[in-house]
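There are 2 protein chains.
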Amino acid sequence: MAVSLENNTPHQVVIIGGGFGGLYAAKALAKASVNVTLIDKRNFHLFQPLLYQVATGTLSPSDISAPLRSVFSKSKNTKVLLGEVNDIDPKTQQVILGDEVVPYDTLIVATGANHSYFGKDNWEKVAPGLKTVEDAIEMRRRIFGAFEAAEKETDPEKRRAWLSFVIVGGGPTGVELAGAIAELAYKTLKEDFRSIDTSETKILLLQGGPRILPHMAPELSASAAVSLQTLGVELHTHTRVTNIEGDIVTFKQDNEFTEIASKTILWAAGVQGSPMGKVLAETTGVERDYSGRVIVEPDLSIEGYDNIFVIGDLANFSHQDAKPLPGVAPVAKQQGEYVGKLIQRRLQGKTLPQFHYNDVGSLAMIGQNLAVVDLSLIKLTGFLAWAFWLLVHIYFLIEFDTKLLVVFQWAWNYITRNRRSRLITGREAFVEAKSINNSSTYQTPEKKQPVKL
Amino acid sequence: MAVSLENNTPHQVVIIGGGFGGLYAAKALAKASVNVTLIDKRNFHLFQPLLYQVATGTLSPSDISAPLRSVFSKSKNTKVLLGEVNDIDPKTQQVILGDEVVPYDTLIVATGANHSYFGKDNWEKVAPGLKTVEDAIEMRRRIFGAFEAAEKETDPEKRRAWLSFVIVGGGPTGVELAGAIAELAYKTLKEDFRSIDTSETKILLLQGGPRILPHMAPELSASAAVSLQTLGVELHTHTRVTNIEGDIVTFKQDNEFTEIASKTILWAAGVQGSPMGKVLAETTGVERDYSGRVIVEPDLSIEGYDNIFVIGDLANFSHQDAKPLPGVAPVAKQQGEYVGKLIQRRLQGKTLPQFHYNDVGSLAMIGQNLAVVDLSLIKLTGFLAWAFWLLVHIYFLIEFDTKLLVVFQWAWNYITRNRRSRLITGREAFVEAKSINNSSTYQTPEKKQPVKL
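Line by line, the protein sequences are chains A and Z.
According to the working numbering, the first sequence holds residues 2 to 454 in order.
According to the working numbering, the second sequence holds residues 2 to 454 in order.
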């Protein structure tokens, strides 16, 4: 590694991506005698695990975002740079952003993952996924817009399509979305409409494998399934979407094909490594797996380049279990902390044992008093799991924001099921409700004309 | 008036617009034996007086919005309809929304006002105004984006343009924006950047007339001017913008022309009645004033149609003072309540004396411990005014939302100058910071490409 011990300029660490991985790497280096440049396309860090609550109207984007500059305001060795990296040159040790060039001694790539439509990229428009604030606002617009459109629709068949929600993917995001939409339809919005009965809403959760939440213990999957069904969600396992055309979703369960008309299809199925993985592969020759993740060494560096690290959702770390570590926040966070520490050790001429993920368990929220918690030794369901989920997230949010009052408000809103944040906003918000979910008929908002007198 | 006393179908009241006027009219009718249809393009009511705090990063849109359906959830006689009214037919007593027709016995038009660029409509793109949530998010993107772009800019002249903010219009919105941006630049963001010194930011407030806040007592205008100047705002009265081209603003003060390069120009100058005023003029022949407002009768109905009322910013009510009532929330609110009451009286065969605006005074926030309050008999400045402003807004927000905790959080954030809500979001958020404020170079966000393996 190009450790700049000989000269006086401090060691330059460049981190690409301000998600959990990048953020915790930068935090680990905040007091080290290195210079850190943290590059992100966005000016904020996003607490992605709660993004589904923005999509379903419980939280505002800023409730789960922290401006990167204010996080590192006091860390004078850390520079936040807003921009998009186009290329990396591992020979000259430079990162390229447009016509700007940032040199590095050590590079940490933490650009995460994007949705994957398994080659059916045309599904993206009809079945949006949930990765960014904009995704969440768009989902929110579609979900609340669907009820609005149903209220105006007089044709019973079309109304049914507006009141049908199909969620593809039974991982945590899919389960949490399905549970939240069920509570919306069957509880929160019940009194709000005059023409429709929101309790007629149909919510389908489609899962390819034999059970939902496959990363949890089988008994917890079963408990979550029962909870979802009690809430009113129709659950289909062993089910794959084979076609989406207009508002018709075709899915295959066992060997039977079913069609359902739905105006709101939400994608929570596949992810793939972000494009930076491809850039790395092209410039360093590093290998990637079937979903575009970069294969990393036991210390999270990449083969042939001990000063380039890949962490978080973009990394395929397979040195602990038979299968790669999952793409979840705690993995990214621990990897960021590990690399931050490793860089400091190396500068002292020391080293660290290989990265080891300390699995603290996993949890998923289904609805009021309904959650599942898998802590290996302890498994919780129902109210206890729900209370535990709440406590854990309060803890994370405090650590994340240190604004106790915000967290208190969040918990309060969450407990009381207050859905203030159900604004339909964005450029398409002015468009007639009828075409809300129909991207092809999108019209630009009416240009304000001056009054002619 | 077509009072439907003879038959059994209840009297149909249609309200267009869910701002302060429409909202309070509907609230006044919530327990009356009439049917109310409240039509709005948006699914929420917006507390517009605090919109500038969304634009400057203190509040989230949902902090100052209330979903219309949840406001009227319990009022079973009230139906909320999401849609845009295209036309009115006063003869058949119908309101037309696309291919939908809504009949009325009494119509209340409360569609408010839009920006006016005094015929220079091409300025709108470079100098956006502040009326909607989208406007506020766009302003926020431009304000925070300007600091980001300045941080990356190496050319000192261009950097100065990024750090120059021009606010056109010295009414409450202009004053509040100028004060908030000054606090951002000189206090909140001071420690956040590494290349720029945000205290070098230049903030110009341009006012056409001889003093800012012309609706207040002269001594309060003077006090506000001193406060703004203490904060660091450069104030120009007797000043008119004569040209905006690219990022060059030309303004004329007395008889001298000055040019300034600014990447962030914010419009808080003129308003005009919304397009619904034109529709009313064409269909009923009612007169409008120079700024497109509809001239109303002493009971807020329009000439020749005692079952059509116009209230709020769209109405020109000149039966109380020599000049029309100002376009502020309390006027709209009281007019809405008046019309709601009048309709009920008429149905009982009674009437009401003409509308009378009870002016409770006006106030404007400048910055921490700096505000001006004009209550006719009592005039406050400095800390006392600031505390009073806070109390009044806490009171309004409680009435508005009844969620004490939210209000408490808001007040806390406000007092502690917490700017969590400074996310740069929206479709253009991914665009390179350099072109952030340059609409002409807008590129669509990079399409996510699947990884090819």
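Rather than coming from a laboratory, the hints here were simulated on the basis of the structure.
This structure is a prediction, so every number in the text was calculated from the model and none was measured.
Some hints here could point you the wrong way.
Given that identical chains are not distinguished, each listed pair holds provided it fits within a single copy or across any two copies.
Said to hold, decoys possible - Straight-line C-alpha distance at most 16 Å; calculated EDC-like pairs for lysine to aspartate or glutamate:
#: 1; residue 1: LYS132; residue 2: GLU246
#: 2; residue 1: LYS324; residue 2: GLU158
#: 3; residue 1: LYS132; residue 2: ASP100
#: 4; residue 1: LYS28; residue 2: ASP290
#: 5; residue 1: LYS279; residue 2: ASP290
#: 6; residue 1: LYS334; residue 2: ASP248
#: 7; residue 1: LYS77; residue 2: GLU192
#: 8; residue 1: LYS80; residue 2: ASP100
#: 9; residue 1: LYS92; residue 2: GLU283
#: 10; residue 1: LYS80; residue 2: ASP193
task = Since the copies are identical, ignore which copy is meant and state whether LYS324 and GLU158 lie within 16 Å (CA to CA) inside a copy, between copies, both or neither.
result = Classified as neither; 46 Å inside a copy, 55 Å across copies.
Copy assignment of LYS28 with ASP290, given that the CA separation must stay at most 16 Å = neither (29 Å within a copy, 60 Å between copies)
query = How would you classify LYS80 and ASP100 at a CA-CA limit of 16 Å: within, between, both, or neither?
reply = neither (18 Å within a copy, 55 Å between copies)
query = With identical chains treated as interchangeable, where does the CA-CA distance between LYS334 and ASP248 reach 16 Å or less: within a copy, between copies, both, or neither?
reply = neither (39 Å within a copy, 43 Å between copies)
key: Up to 16 Å CA-CA - GLU192 versus LYS77, copy category   = This pair counts as between: shortest inter-copy Cα distance 9 Å, intra-copy 53 Å.
request  = Evaluate LYS92 and GLU283 at a C-alpha cut-off of 16 Å and name the case that applies: within, between, both or neither.
outcome  = Within. Shortest intra-copy distance 13 Å satisfies the 16 Å Cα cut-off; inter-copy 71 Å does not.
query = When no copy is named, should LYS279 and ASP290 be tagged within, between, both, or neither for a Cα gap of at most 16 Å?
reply = Answer is within; shortest intra-copy Cα gap is 11 Å, inter-copy 62 Å.
request  = Classify it for me, LYS132 with GLU246: is the Cα-Cα distance of at most 16 Å met within a copy, between copies, both or neither?
outcome  = neither (23 Å within a copy, 38 Å between copies)
request  = If the cutoff is 16 Å on CA atoms, where do LYS132 and ASP100 land: within, between, both or neither? Let me know, please.
outcome  = So LYS132 and ASP100 fail the 16 Å test inside a copy (28 Å) and across (37 Å) alike.
inquiry  = One pair to classify: LYS80 and ASP193, alpha carbons no more than 16 Å apart. Within, between, both, or neither?
reply    = Answer is between: at 9 Å across copies they meet the 16 Å cutoff, but 48 Å inside does not.
Hint check: violations occur at hints 1, 2, 3, 4, 6, 8; the rest are consistent with the structure.
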